[in-house]
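Protein chains in written order, with full-length UniProt numbering: chain F, 1 to 120; chain S, 1 to 164.
The set of hints was computed from the structure by calculation and includes no laboratory data.
Keep in mind that a hint or two might mislead.
Cβ pair distances, simulated, as ranges [as the list claims (entries may be wrong)]: (1) F/Asp75 <-> S/Ser92: 26 to 36 Å; (2) F/Pro24 <-> S/Glu99: 27 to 37 Å; (3) S/Gln63 <-> F/Gln92: 22 to 32 Å; (4) F/Gln95 <-> S/Leu37: 31 to 41 Å; (5) F/Arg39 <-> S/Leu38: 22 to 32 Å; (6) S/Leu18 <-> F/Glu55: 30 to 40 Å; (7) F/Gln88 <-> S/Glu58: 36 to 46 Å; (8) F/Thr110 <-> S/Arg33: 34 to 44 Å; (9) F/Ile91 <-> S/Gly57: 27 to 37 Å; (10) F/Ser118 <-> S/Asn69: 15 to 25 Å.
The calculated lysine-lysine pairs, modelled on DSSO-like cross-linking and capped at a C-alpha distance of 27 Å, are [stated by the list, open to error]: (11) S/Lys80 <-> F/Lys70; (12) S/Lys54 <-> S/Lys95; (13) S/Lys54 <-> F/Lys100.
We put the CB at the ideal spot given by N, CA and C, even for glycine.
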Amino acid sequence: MNPKRCAACKYLRRRCPKDCIFAPYFPPNDPAKFACIHRIYGAGNVSKMLQQLPEQTRAEAVESLCFEAKCRVDDPVYGCVGIIHLLQTQIQNAQNELAKTQAEVAVAQTNLSQTQNSDF
Amino acid sequence: MRGHEPRSSSSCAACKLLKRRCTPTCIFAPYFRSSDLLTFAKVHKVFGASNVSKLLGEVPEEQRQETVNSLAYEAEVRLKDPVYGCIGAIASLQKKMLELQHDLAVARTRLLAHSGVSNHVSQLDNSPELAAFLDLVPYSDLMLLDGSTSLDAYLYDLGQPPFV
Chain F
1 MNPKRCAACK YLRRRCPKDC IFAPYFPPND PAKFACIHRI YGAGNVSKML QQLPEQTRAE
61 AVESLCFEAK CRVDDPVYGC VGIIHLLQTQ IQNAQNELAK TQAEVAVAQT NLSQTQNSDF
Chain S
1 MRGHEPRSSS SCAACKLLKR RCTPTCIFAP YFRSSDLLTF AKVHKVFGAS NVSKLLGEVP
61 EEQRQETVNS LAYEAEVRLK DPVYGCIGAI ASLQKKMLEL QHDLAVARTR LLAHSGVSNH
121 VSQLDNSPEL AAFLDLVPYS DLMLLDGSTS LDAYLYDLGQ PPFV
């Protein structure tokens with residue numbers, strides 16, 4: 001048993017075994033991290049998800065789950081999908097602006113060529 | 001004697017999957033129709049039915065459909081990419097945005113350079129030449145002119161929202 005329980009086992013009020021799947025990713029000094037992820041996904045689901053992943057990818061998975069959980073807590077309706085929508089809108093606007101600017105550059109180039117030709 | 005809740009004529013997808021009685025007040029029923037078991041199955045696998053129920057209970061009724069839509073989307077993406085989920089999609093979009101900002105900065109700098117040389121571009125928005133040009137050339141085919149320029153002033157600040 002871990003002499004010091006991980007944040008997950010502390011939160012769940014249980015013993016923290018040596019092979020606790022949460023322990024490497026939820027240190028006891030950050031209880032809010034597990035609380036947030038448990039609120040949205042549930043400890044059981046997180047455990048299942050981590051067990052299905054290769055060990056070397058679990059830390060990344062925990063970080064992405066934590067980020068999404070925090071987004072969902074901050075915005076219960078849209079979660080991180082709100083960020084995706086916002087980025088898609090901004091990309092569309094930037095694409096439109098780029099196309100407009102490129103057209104303006106092309107016209108300016110054309111006008112410049114015509115000016116230079118008429119000077120000769 | 002325990003009171004009985006009236007039985008709904010058909011179970012919603014959630015109650016079907018959870019193998020329980022679907023009541024008229026079932027919180028899932030309006031959003032998980034029995035014809036689409038898969039959507040609830042995915043949401044349940046990622047979030048769990050009781051968490052979804054709590055989440056729906058925390059939002060106003062008129063926003064619950066949007067909530068379910070976003071949960072379904074997140075669940076779908078997480079099941080496809082169990083390591084990064086929606087964060088992978090966000091990272092791709094941020095990269096795309098950076099590329100666009102770069103291209104826009106280059107185009108604007110070139111436009112400024114040409115504006116300084118030619119007086120004909122001062123009314124570009126109403127220019128008949130621009131209108132004719134746009135009619136001929138689709139946006140997707142417009143090519144940047146050759147040349148290099150500084151773009152540092154236009155790079156997107158990742159420290160500002162929505163880039164967290």
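Here is what the structure says about each hint:
The supplied range of 26 to 36 Å is broken by aspartate 75 of chain F and serine 92 of chain S, whose beta-carbon atoms lie about 21 Å from each other. A hinted range of 27 to 37 Å holds for the C-beta pair proline 24 of chain F and glutamate 99 of chain S, which are about 36 Å apart. Against the hinted window of 22 to 32 Å, the Cβ-Cβ separation of glutamine 63 of chain S and glutamine 92 of chain F comes to about 24 Å, which satisfies the hint. As the Cβ distance of glutamine 95 of chain F to leucine 37 of chain S is approximately 38 Å, the hint placing it in 31 to 41 Å holds.
In this structure, arginine 39 of chain F and leucine 38 of chain S meet the distance hint of 22 to 32 Å, their C-beta atoms being roughly 25 Å apart. At about 32 Å, the beta-carbon gap between leucine 18 of chain S and glutamate 55 of chain F stays in the expected band of 30 to 40 Å. The given range of 36 to 46 Å is broken by glutamine 88 of chain F and glutamate 58 of chain S, whose C-beta atoms sit roughly 26 Å from each other. A beta carbon spacing of about 57 Å between threonine 110 of chain F and arginine 33 of chain S contradicts the range 34 to 44 Å that was offered as a hint.
Judged by the Cβ atoms, the range 27 to 37 Å given for isoleucine 91 of chain F and glycine 57 of chain S holds: they are separated by roughly 34 Å. For serine 118 of chain F and asparagine 69 of chain S, the hinted distance range of 15 to 25 Å is not satisfied, since their beta carbons lie about 59 Å from each other. Between the alpha carbons of lysine 80 of chain S and lysine 70 of chain F the distance comes to roughly 21 Å, so the proposed pair stays at or under 27 Å and holds. Note on lysine 54 of chain S and lysine 95 of chain S: the hinted pairing is violated, with a Cα-Cα distance of about 35 Å set against a maximum of 27 Å.
The straight-line distance between the Cα atoms of lysine 54 of chain S and lysine 100 of chain F is roughly 47 Å, outside the 27 Å bound, and the hint therefore fails.
Of the hints listed earlier, those the structure fails to meet are numbers 1, 7, 8, 10, 12 and 13, in rising order.
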